[in-house]
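Peer 1: Residues per chain are reported as follows:
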Amino acid sequence: MIHLDNVNLGYQHETVLKNINLEISKGEFVGIIGLSGAGKSTLLTSMIANVTITGGPYHVLGNNISTISSKKLREMRSRIGFIFQGYNLVNRLSVLHNVMSGMLKSISIQRAAIRHYSNADLEKAWEYMETVGIEQIAMKRCDELSGGQRQRVAIARALAQEAEILLADEPIAALDPKSAVQVMDILWRINEKYQVTIVSNLHHIDFAKSYCNRIVGVADQNIVFDGTAQQLTKETLERIYQTGMNNHLPSEEDTIPDTWSNIPSKHCPNINQFNPIPKVAA
Amino acid sequence: MNLAQLKKEASPFTFQYISPLVFLTLIFIISWQNTEMNLEGLFQGWHNMQSYMSGNPDIEGSSFFPPQVIGSDLRLYLDAMVETIEMAFVALILSIMIAFPLSLLASRNILTILFPRNSAFHRLMRHAIYGVSIFLANIFRSINEIIWALLFISAIGLGPMAGILALGIHTGGVLTKLLAEGNESIDPGPVEAIVATGASFPKVILYAVLPQTMPHFVSMVLYRFESDVRSASILGFVGAGGIGFFLFDKIRSFENSAVSTIIFIIVVTVWIIDKISAAIRRKYI
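As they're listed, the protein sequences go chains A and B.
Anchor point for the first sequence: position 115 equals 115 in my numbering, and the numbering is continuous, going up by one each time.
Anchor point for the second sequence: position 67 equals 67 in my numbering, and the numbering is continuous, going up by one each time.
Derived by calculation from the structure, the hints in this document are not laboratory data.
Glycine residues also receive a C-beta, built at the ideal position from the N, C-alpha and C atoms.
Please note that a few of the clues may not be correct.
[Said to hold, decoys possible] Here are some of the chain B residues that sit facing chain A, going by a computed Cβ distance under 8 Å:
#1 Asn118
#2 Ala120
#3 Ile194
#4 Ala278
#5 Ala279
Just chain A, same shape as in the assembly:
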């Protein structure tokens, strides 16, 4: 699904990541970890061609995105959902309209202009809102919601895209521990239920270890680790977080307080064993 072969990533006058090789297959749940500024977001946003790409080839969903045309890029982006740390919702619109904005590619301009959706589209939106537990607040404006609820709306929007890949940029960084667990549960559930490939930047190592079946560590402008949670040793973490410099490795105590003890164990045998997603009451 995603294939980087000796790719450099960065911005107009700055290369952030060099000679990156990475292969992500369908159905994987990949967590990207690393220090702030290490290039996690650059790597993630490069997957929708939002950064300067040199070298390559860099294939996403069969397109070489370093040479892709604007039209093809738009078509490709419609197959990739993106979840932002700051949610990026239109706060003055209702939950429903925000979710529907994920379907804009398939809604006619006339319907979009007057926000009149077909029954089939509304049924789909209902299903996605139900999946993340926000169907009871469908007509509420997003500026009336909590951070956790907003992130669920953002996930439902990405689901409405019927995306094959879901990219999440620090999806739980701004959330309280309980909401963070709920959001990660939802992502895991989506990965299981819809077989959507998920790539997520995560600050909390323990969340990455609990939820992701593969972890990619970024440091020194490169990928320094690519493997499973079990393979992630203390030495590797020290290298990723460059703790030799300041002798401070984010330990379990640092990243997850005691109250965060309800993180489900990795690789739940089936979806029904997840924490039930609490419905948001109207």
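Once you've looked at the hints, dock chain B against the given chain A.
Peer 2: Using the frame of chain A, we list chain B on its own:
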């Protein structure tokens, strides 16, 4: 940085803070002198204004007070005021039709949605479209509505239509600038999110830009409507319809009590529009 440096840099009495104040004061003083502003002249000539307002006791209706209340004339003025409001409303719709698309093209962030890449072609298109849009908006708004009215009167003759076109074009230019400023101050996050779904440009505008700019849009459009009613009251001076025709006629013939009546009608109308605008703003913002 040490504490002494911090104290120095945090002080409000630095060149950086004081120089704009000194500069503005200097410009004010120079402008005051060059324009021969003189408060003494106003105080000395105060009684002239008083005698102008109280009029000639020998000529009936030459005083501003009391305002003239003649049923048939009042009906005529009220009809003209309604025509003025209608002119302002049609002009407002016309100006929105000009300003809405033009303001999108005069906003750098919106052009980045249309031409997102850093290639020479996309950069050129962004600069060219922005430049042309701003240029057009500047022409529309820097020419006063009276001048536009004279131009349109020469083409289509006397009457409200010339006034409507004049107001529409001028307000179109003003609204373009105001709406573009609103467009440029939106949160880029939702735009980024909708663009990332692969939505086309019009859909990004409909779902990410318009909902964010709507409070500003409503506020500016209502303000311009109120402003258009005031301007339309003057356009009659050059024969472009509305209550201004009667106002100009009565001023020229020194029928000042009738002038008072007309001014009173305009003031009350603008006051009512302001109240209605405030209620609409409260609902939308």
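Peer 1: A separate judgement is required for each hint: does it hold in the structure or not?
Peer 2: Now for the hints, and whether the structure bears them out:
Interface restraint check for B:Asn118: the shortest CB-CB distance to chain A comes to about 6 Å, inside 8 Å, so the restraint holds. Interface restraint check for B:Ala120: the shortest CB-CB distance to chain A comes to about 13 Å, outside 8 Å, so the restraint is violated. A distance limit of 8 Å between C-beta atoms decides the matter here; for B:Ile194 the minimum to chain A is near 6 Å, and the interface restraint holds. The interface hint given for B:Ala278 is violated, since its Cβ lies 20 Å from the closest Cβ of chain A, which is over the 8 Å cut-off.
A distance limit of 8 Å between C-beta atoms decides the matter here; for B:Ala279 the minimum to chain A is near 19 Å, and the interface restraint is violated.
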